[in-house]
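Novice: Line by line, the protein sequences are chains L and B. Numbering-wise, the numbering used here puts 240 at position 240 of the first sequence, and it's gapless, one number per residue. Counting from 1 along the second sequence, just add 377 to a position and that's the residue number in the numbering used here.
Hint data in this document are derived by calculation from the structure and do not stem from the laboratory. One thing to keep in mind: the hints can contain errors.
[Unchecked claim] With the C-beta cut set under 10 Å, the calculated list includes, among others, these residues of chain B facing chain L: (1) P408; (2) V419; (3) T420.
Beta carbons: idealized from backbone N, C-alpha and C, even for Gly.
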Amino acid sequence: MEEVLTWAECRAPSGLIARSSAPGEDGATASFAGLYTSVVTPCTAGRVLEALREVRASASSPVVAQYAAARGLAPDGELAVLVQPVLRPALAGVLAAVVRAGACVGWRIEAVRGLAGPLVSGTQTGEIHIGRGPVTDSVVPSSQAFLPLPGTREELELPPGEWTTAPTTGRAMLRAKIAGSCAGVLHLRTPAEWAKQQVLLPDQREDLLHLAVGAAQALSLEQIDIEWAITTDGPTVLQARPLARPVKDATASTPPAGGWGGLAAVPGIATGSPAARLGPETPPEGAVLICRALGLEAAAALLGGPAAVVSTTGGPLSHTAIIARELGIPCVTNVPAALDQIPEGMVLEVDGPSARPPPSLPHARRTGRTRTTTPPS
Amino acid sequence: MSILLPLMRCASLHAGAKAAALGRLQRAGLPVPDSVVIPTGVTDGDWPG
Numbered sequence: 001m002e003e004v005l006t007w008a009e010c011r012a013p014s015g016l017i018a019r020s021s022a023p024g025e026d027g028a029t030a031s032f033a034g035l036y037t038s039v040v041t042p043c044t045a046g047r048v049l050e051a052l053r054e055v056r057a058s059a060s061s062p063v064v065a066q067y068a069a070a071r072g073l074a075p076d077g078e079l080a081v082l083v084q085p086v087l088r089p090a091l092a093g094v095l096a097a098v099v100r101a102g103a104c105v106g107w108r109i110e111a112v113r114g115l116a117g118p119l120v121s122g123t124q125t126g127e128i129h130i131g132r133g134p135v136t137d138s139v140v141p142s143s144q145a146f147l148p149l150p151g152t153r154e155e156l157e158l159p160p161g162e163w164t165t166a167p168t169t170g171r172a173m174l175r176a177k178i179a180g181s182c183a184g185v186l187h188l189r190t191p192a193e194w195a196k197q198q199v200l201l202p203d204q205r206e207d208l209l210h211l212a213v214g215a216a217q218a219l220s221l222e223q224i225d226i227e228w229a230i231t232t233d234g235p236t237v238l239q240a241r242p243l244a245r246p247v248k249d250a251t252a253s254t255p256p257a258g259g260w261g262g263l264a265a266v267p268g269i270a271t272g273s274p275a276a277r278l279g280p281e282t283p284p285e286g287a288v289l290i291c292r293a294l295g296l297e298a299a300a301a302l303l304g305g306p307a308a309v310v311s312t313t314g315g316p317l318s319h320t321a322i323i324a325r326e327l328g329i330p331c332v333t334n335v336p337a338a339l340d341q342i343p344e345g346m347v348l349e350v351d352g353p354s355a356r357p358p359p360s361l362p363h364a365r366r367t368g369r370t371r372t373t374t375p376p377s
Numbered sequence: 378m379s380i381l382l383p384l385m386r387c388a389s390l391h392a393g394a395k396a397a398a399l400g401r402l403q404r405a406g407l408p409v410p411d412s413v414v415i416p417t418g419v420t421d422g423d424w425p426g
């Protein structure tokens with residue numbers, strides 16, 4: 001343990017992150033995205049050892065075994081642990097790209113300010129950039145109330161309402177108010193100056209696309225999924241893996257009459273199934289799962305065989321959306337009213353990025369929408 | 378002898394896929410976080426103290 005702490009000395013002022021590195025994860029057809037545990041920890045012997053145990057223990061979790069079985073794989077049983085200093089990024093996110101002849105021919109980026117944890121765990125929808133080659137087709141903004149950042153020991157001792165410095169990619173310093181902290185992560189209120197500004201700027205987007213090309217070439221991949229961060233030192237690749245299934249048609253839609261609109265994380269149609277909230281009991285097989293965030297609990301429920309998934313938050317590149325794509329389960333994210341307005345037991349038709357009662361099915365199929373009907377009595 | 382593997386020397390057999398991929402990126406000159414890996418097979422008993 002001393003060896004880890006000696007290595008971390010001077011490298012990790014904001015603590016360490018222990019991440020899984022299993023022989024069978026990040027495969028071409030099975031990512032195990034978000035199924036293993038990652039732990040942010042301060043650099044003290046007891047806490048680091050606890051973090052290593054927690055990460056290693058996730059190798060034998062039921063959800064990993066279920067997912068491996070669903071993908072026709074044997075679970076790894078044990079895993080290596082990757083230990084990194086926690087970065088304090090100005091921006092972070094995920095990039096998925098198809099790379100051919102030294103260029104990203106189709107790509108999608110989701111970006112947030114601060115750490116990407118809420119984005120990959122599906123509790124925060126990122127700003128979405130979609131493009132082909134050098135052309136950006138669309139930028140879908142998102143609202144982000146809080147910035148999660150690794151806190152220094154001094155920052156973590158400050159009470160809510162105090163101010164600290166938020167990281168930027170330029171020389172300008174910006175102060176942000178502390179909302180609170182949890183498990184070594186500081187939550188800052190997004191400064192008003194940033195609330196209406198684009199998160200990822202065009203030159204930063206270019207840098208990320210160049211990185212994706214370099215990473216795809218280094219790993220001999222044509223389809224790649226990258227977790228990235230941008231600090232004052234520039235962009236960094238936190239993780240790179242094959243993109244098991246490309247993302248399609250994940251643009252925001254106008255809600256159809258009597259229905260709900262969102263982002264199509266996994267296009268596809270599922271009809272005639274009762275809606276079921278994510279809860280302590282596994283939803284019945286064939287139900288349309290309604291959940292708040294696409295977190296680990298939702299990933300476990302996906303393995304129970306729902307017809308489709310609708311979530312109130314999150315984006316198409318969140319971990320559980322990746323799992324849904326691999327399992328071929330239609331998935332609509334970022335439907336804020338889903339939990340409040342879709343009654344349990346209602347028959348839902350999920351079709352791409354929206355939802356409504358279904359009188360005009362062919363139209364809905366064509367435009368990619370999700371609709372609902374009341375259950376037959 | 379060190380238990381920790383530097384990223385540069387990571388292969389997927391003992392370091393897992395994530396670390397092996399980051400090692401390849403580092404060897405290709407791409408920016409990745411300074412990292413070390415505790416390989417498979419290491420247990421709590423391997424940590425002195």
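Novice: It remains to establish, for every hint, whether it holds in the given structure.
Specialist: Hint by hint, here is what the structure shows:
Because the beta carbon of B:P408 sits about 5 Å from the nearest beta carbon in chain L, less than 10 Å, this interface hint is met. The beta carbon of B:V419 comes within 8 Å of a beta carbon in chain L, closer than 10 Å, and the hint placing it at the interface holds. Annotation: B:T420 was flagged as interfacial toward chain L, and the flag holds, the nearest CB pair being 9 Å apart, inside 10 Å.
Of the numbered hints stated above, none is contradicted by the structure.
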